[in-house]
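Q: Okay, here's what each chain looks like letter by letter:
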Amino acid sequence: VSELRFNELRGEQVDYAVHRQERTFLPTRAHCPLCPTKPGGPPTEIPLASFQIAVFDNLFPAFTAPHGAAEVVVYSDRHEDAFGTLSASRAEDLMWVWRHRYRELGARADIEYVLIFENRGVEVGVTLHHPHGQIYGYPFLPPVPALELAADERLGGCAPCILLERERREGRRVVYENDAVTVYLPYAARWPYEAHVTLREHRPSLLDCQPVELRLLAEGLQALARGYDALFERPFPYVMALHQAPTDGRGQGHLHAELYPPLRTAHKLKYLAGSEQGAGTFICDTLPEESAVALREAIARVA
Amino acid sequence: MTSNQDGKTLSQRARNTAGELYGTVCVARQVKEDGRALILYTHTMDIRDDGQETEEQEDEEKETEEQEEQETEEQKQEEQKQEEHNDDDGSTDSDGGDGDHENAAAERTEAASIEDTADKAERR
Numbered sequence: 001v002s003e004l005r006f007n008e009l010r011g012e013q014v015d016y017a018v019h020r021q022e023r024t025f026l027p028t029r030a031h032c033p034l035c036p037t038k039p040g041g042p043p044t045e046i047p048l049a050s051f052q053i054a055v056f057d058n059l060f061p062a063f064t065a066p067h068g069a070a071e072v073v074v075y076s077d078r079h080e081d082a083f084g085t086l087s088a089s090r091a092e093d094l095m096w097v098w099r100h101r102y103r104e105l106g107a108r109a110d111i112e113y114v115l116i117f118e119n120r121g122v123e124v125g126v127t128l129h130h131p132h133g134q135i136y137g138y139p140f141l142p143p144v145p146a147l148e149l150a151a152d153e154r155l156g157g158c159a160p161c162i163l164l165e166r167e168r169r170e171g172r173r174v175v176y177e178n179d180a181v182t183v184y185l186p187y188a189a190r191w192p193y194e195a196h197v198t199l200r201e202h203r204p205s206l207l208d209c210q211p212v213e214l215r216l217l218a219e220g221l222q223a224l225a226r227g228y229d230a231l232f233e234r235p236f237p238y239v240m241a242l243h244q245a246p247t248d249g250r251g252q253g254h255l256h257a258e259l260y261p262p263l264r265t266a267h268k269l270k271y272l273a274g275s276e277q278g279a280g281t282f283i284c285d286t287l288p289e290e291s292a293v294a295l296r297e298a299i300a301r302v303a
Numbered sequence: 304m305t306s307n308q309d310g311k312t313l314s315q316r317a318r319n320t321a322g323e324l325y326g327t328v329c330v331a332r333q334v335k336e337d338g339r340a341l342i343l344y345t346h347t348m349d350i351r352d353d354g355q356e357t358e359e360q361e362d363e364e365k366e367t368e369e370q371e372e373q374e375t376e377e378q379k380q381e382e383q384k385q386e387e388h389n390d391d392d393g394s395t396d397s398d399g400g401d402g403d404h405e406n407a408a409a410e411r412t413e414a415a416s417i418e419d420t421a422d423k424a425e426r427r
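Taken in order, these protein sequences are the chains called A and B.
When you line the first sequence up against my numbering, it's residues 1 to 303, in that order.
When you line the second sequence up against my numbering, it's residues 304 to 427, in that order.
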C-alpha cells in the first residue's frame, strides 16, 4: 500500500511505495519475469508458452485501487525486441492496447489522469530489459499535465496546437513527418535530444483518433525510436511519456508523446544537477536546432 | 499464474475466454492466482480509416459470399436431386451443418463487432 504526502513547499504530491524497494532488479535473461513461461520452468508473470501483447497489474505498484492503478504492458514475448524493432502491425496493435487501457482506467472514478510511459535503458532506471512499458492511473492531476493545461490558458488556446504550428512554420527543428504526425525537437527542449511526437489534428486523447491516425502515430514513434538508435549506433535510452486529456474532465489536452533521452553524446549523460534540481532551471550544452540536424539525418538513414 | 493453463494456443484461448474485439486486437481477460488481472491482446485484422474492413477483407468477404451463393445453388440442385432420389427410395439426409457457412457467418459477426466497439461508442 502506498501513501500520498503533500509537499507544501513544492505544492505537489509525493507517493511513498516502500514495497517497491523489493522489486525485481535486473534479473538474468533466464529469470526474466516478462518472458513466456517455459514448459517445466518456473512461472513468469505470463504463464503461457507464447503471447503477443500482455497487460497485467504491477506486482510492485506505485498506485492501487481504490486510489489509482499501476499496470505493466509487455510489447512482445521476445526478450530481445524493442519498441523500435516491433513489426508495424504489432506497433499498431500496441496503440489500440494503449487506447483500450486509457478508456478503461480513465472511466474509473478513482483515476484522474492516465499516464502511459516507457523507460528504456538502465540510464533511466530500467530494472527489466524485456520490452515493456507501464501505465499509471493517478488519483490526482499530476504537475506536468497541470502545467500543460495552464499553458493552454496562457496561450489562449490549445498549447500543443499553437506550438506545433510555430514549429512547422519555422521547420528547423522538425525531424520527421507523415500524413498525421509531426516529430520535432521543441524550441526550448530541456534534454539534448528531447523530441515531441504530435498529432497534427487536435486530438485530446487516443480515443479521439481515427484508426489511420493510430497507425501513423505508431509509425512516427517507431521512426523516432529507430532514428535514436541510429544516432550513436547504440541502443538509445529514453523516457517516453504519452500526454493526453485528464480523465477527470478538467481541460482537453492534446495527444502527444514526449521523449526525454538522457544522452548528450554517445557515452555522456545529461544529469539533473544543482541548477535543475535546486532551482528547476535546465542548463543545456546543445541547441535543439543542432541536435535536430543530426537526428533528422539518423531517422532518414534508417527509414 | 493464471487459472487457465492448458495446451490451447493463445489465439484459441483468446477467442474462447472473451472474444472482445477492439480495433485491431482481440482482448482476452484472465485472473492470475494471486488475484491480479492479466489481459492478453492478439492481433485480429486490419481496419480501414473509418473503422470498416480493408478492401482486401471486403474482397475476401465478397468471394466468400459468391462462394456461398454458388454452394447454395449447388445445394439446392443437390437437394432437388435428393428429393427426386428420396421419392425413389425414401431415405433422408441428416447432415447437420456446413463448417464453411458457419465460419463465414462468424467472420461477418466479428467485423460488425469491430465496427461497433472500436470507433463509435466510446468518445467521452
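The reader is advised that the hints may include incorrect statements.
[As the list claims (entries may be wrong)] EDC-like mimics (lysine to aspartate or glutamate), calculated; alpha carbons at most 20 Å apart, straight line: (1) A:Lys38 / A:Glu80; (2) A:Lys268 / A:Asp285; (3) B:Lys335 / A:Asp81; (4) A:Lys38 / B:Glu323; (5) B:Lys335 / A:Glu290; (6) A:Lys268 / A:Asp208; (7) A:Lys38 / A:Glu3; (8) A:Lys268 / A:Asp81; (9) A:Lys268 / A:Asp248.
[Said to hold, decoys possible] From chain A, some residues computed to sit far from chain B (all C-beta separations above 12 Å): (10) Phe51; (11) Ala54; (12) Thr127; (13) Pro143.
Derived from the structure by calculation, the hints contain no laboratory data.
For clarity, every value in this text was computed on a predicted model and none was experimentally measured.
For every residue, glycine included, the Cβ atom is placed at its ideal position computed from N, Cα and C.
Q: So, for every hint listed, does it hold in this structure?
A: Hint check:
The straight-line distance between the Cα atoms of lysine 38 of chain A and glutamate 80 of chain A is roughly 16 Å, inside the 20 Å bound, and the hint therefore holds. Distance hint between lysine 268 of chain A and aspartate 285 of chain A is fulfilled; the C-alpha atoms sit about 12 Å from each other, no more than 20 Å. Under the criterion of a C-alpha separation no larger than 20 Å, the hint pairing lysine 335 of chain B with aspartate 81 of chain A is inconsistent with the structure, at around 25 Å. Proposed proximity of lysine 38 of chain A and glutamate 323 of chain B is contradicted: the alpha carbons are some 27 Å apart, above 20 Å.
Among the hinted pairs, lysine 335 of chain B with glutamate 290 of chain A is inconsistent with the structure: their alpha-carbon atoms are about 49 Å apart, more than 20 Å. A distance of roughly 39 Å separates the Cα atoms of lysine 268 of chain A and aspartate 208 of chain A; the hinted pair therefore is violated under the 20 Å criterion. Taking the CA atoms of lysine 38 of chain A and glutamate 3 of chain A, the gap is near 37 Å; set against the 20 Å cutoff, the hint is violated. Only pairs whose Cα atoms come within 20 Å are accepted, and lysine 268 of chain A paired with aspartate 81 of chain A is rejected, the gap being roughly 25 Å.
Distance hint between lysine 268 of chain A and aspartate 248 of chain A is unfulfilled; the C-alpha atoms sit about 40 Å from each other, more than 20 Å. Taking the minimum C-beta to C-beta distance to chain B, about 5 Å, the non-interface status of phenylalanine 51 of chain A is violated against the 12 Å cut. Here alanine 54 of chain A does not stay apart from chain B, with its beta-carbon only about 6 Å from theirs, under the 12 Å limit. Non-interface status of threonine 127 of chain A relative to chain B is upheld: no Cβ of that chain comes within 12 Å, the nearest being about 18 Å off.
Once the 12 Å rule is applied to beta carbons, proline 143 of chain A is consistent with being away from chain B; the minimum gap is 23 Å.
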